[in-house]
Amino acid sequence: MQRPRKAIAVLAASAAAVAVAAAPALAAPPTVIHVNNAAGAVYSGNIRLVLTSPVSVTTSLGTASCNRGNIDASVASSGANLTVSAYNFYNSPGPACTNSAGGSSTTTPVGLPWSGGDLNWTGSSGTLRINNMQVTSTSSTIFGNIVCNYRGSGAGNSITMSVTNSTATTQLKATATNISLTKVDAGSNVLCPSSATYSAGFEVFGQSSGSYTTKLFLS
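Taking mature numbering (1 follows the signal peptide of the UniProt record, and there is no 0), I'd label the letters of the sequence shown as residues -27 to -1, 1 to 192.
Simulated from the structure, these hints should not be mistaken for laboratory data. Just so you know, not all the hints are guaranteed correct.
As the list claims (entries may be wrong) - What follows is a set of in silico ranges between Cβ atoms, one per label pair, in the way DEER data are often shown:
#  : residue 1 : residue 2 : range
1  : T142      : P68       : 45 to 55 angstroms
2  : T140      : S73       : 30 to 40 angstroms
3  : S47       : G96       : 19 to 29 angstroms
4  : G75       : V8        : 44 to 54 angstroms
5  : A159      : V8        : 41 to 51 angstroms
6  : G96       : N162      : 40 to 50 angstroms
7  : T111      : V15       : 34 to 44 angstroms
8  : V5        : G75       : 39 to 49 angstroms
9  : D158      : S50       : 38 to 48 angstroms
10 : V120      : P66       : 18 to 28 angstroms
Claimed, not checked - Below, simulated DMTMM-like cross-link-like pairs (lysine to aspartate or glutamate); rule was C-alpha separation at most 20 angstroms, straight line:
#  : residue 1 : residue 2
11 : K146      : D158
12 : K188      : D45
13 : K188      : D91
14 : K156      : D45
15 : K146      : E176
16 : K156      : D91
Positions of the beta carbon are idealized from the N, C-alpha and C atoms, including for glycine.
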């Protein structure tokens, strides 16, 4: 009589193991944007990415960089529907940005607003995705002015930055590190390389009473 009981026990254990293996992994909790910390009020509305390390676009011809500027956007409290409304960069002293060829460069956004982005937090890391990103870079060189158009290389012409959460002493941060851009042939000089990389560092603030000084926290 012992063997049937042992067989039943083995079968039950096997079935339990299969059930555990087949169970779907727990999904990360939905992102929530708060003011100040996890206990703070839920936040939605306007945000500003303030440049803290130079924004640079690098191609095989060289690098154009700016050391001041910001990206303005709006976002839902869930991090969805991130829409960029302004993209402004300059140099100080300047206002022209510099390039490694010894000339100056300007960068202008194409097709604002850029909608369909998002801000996501998984509990230990996060991302900020800007959708429909496209810029025109005009650089003065020994060949004269060269105009190049580039777009994000991700799905929906997007770029995705890594996000570091705020702490008691630091702000929410977004960092772009050698993000791939793809040349848009229309309007681009024949000398423009087919690809570029994009790097920058930002602190991210919410808006209160017209000023972008509100600390944000992701949970």
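Now the hints, each set against the structure:
Distance hint check: the CB atoms of T142 and P68 are about 32 angstroms apart, inconsistent with the given range 45 to 55 angstroms. Under the hint 30 to 40 angstroms, the C-beta atoms of T140 and S73, about 35 angstroms apart, fit the expected range. A beta carbon spacing of about 25 angstroms between S47 and G96 agrees with the range 19 to 29 angstroms that was offered as a hint. A hinted range of 44 to 54 angstroms holds for the C-beta pair G75 and V8, which are about 45 angstroms apart.
For A159 and V8, the hinted distance range of 41 to 51 angstroms is satisfied, since their beta carbons lie about 43 angstroms from each other. Distance hint for G96 and N162: a CB-CB separation of about 45 angstroms, consistent with the stated range 40 to 50 angstroms. The hinted window of 34 to 44 angstroms between T111 and V15 holds, with their beta carbons roughly 41 angstroms apart. The hint said 39 to 49 angstroms for the Cβ distance between V5 and G75, and at roughly 48 angstroms that hint holds.
The hinted range of 38 to 48 angstroms is satisfied by D158 and S50, whose Cβ atoms lie roughly 39 angstroms apart. Between V120 and P66 the Cβ separation comes to about 24 angstroms, which falls inside the hinted range of 18 to 28 angstroms. Straight-line distance between C-alpha atoms of K146 and D158 comes to about 33 angstroms, which puts the hinted pair past the 20 angstroms bound. A hinted pair counts as satisfied when its Cα atoms are at most 20 angstroms apart, and K188 with D45 qualifies at roughly 15 angstroms.
As the CA atoms of K188 and D91 are separated by approximately 18 angstroms, the hinted pair is consistent with the 20 angstroms bound. At most 20 angstroms may separate the alpha-carbon atoms for a hinted pair to count; K156 and D45 exceed this at roughly 24 angstroms. The hinted pair formed by K146 and E176 meets the criterion: a straight-line CA distance of about 4 angstroms does not exceed 20 angstroms. Under the criterion of a C-alpha separation no larger than 20 angstroms, the hint pairing K156 with D91 is inconsistent with the structure, at around 24 angstroms.
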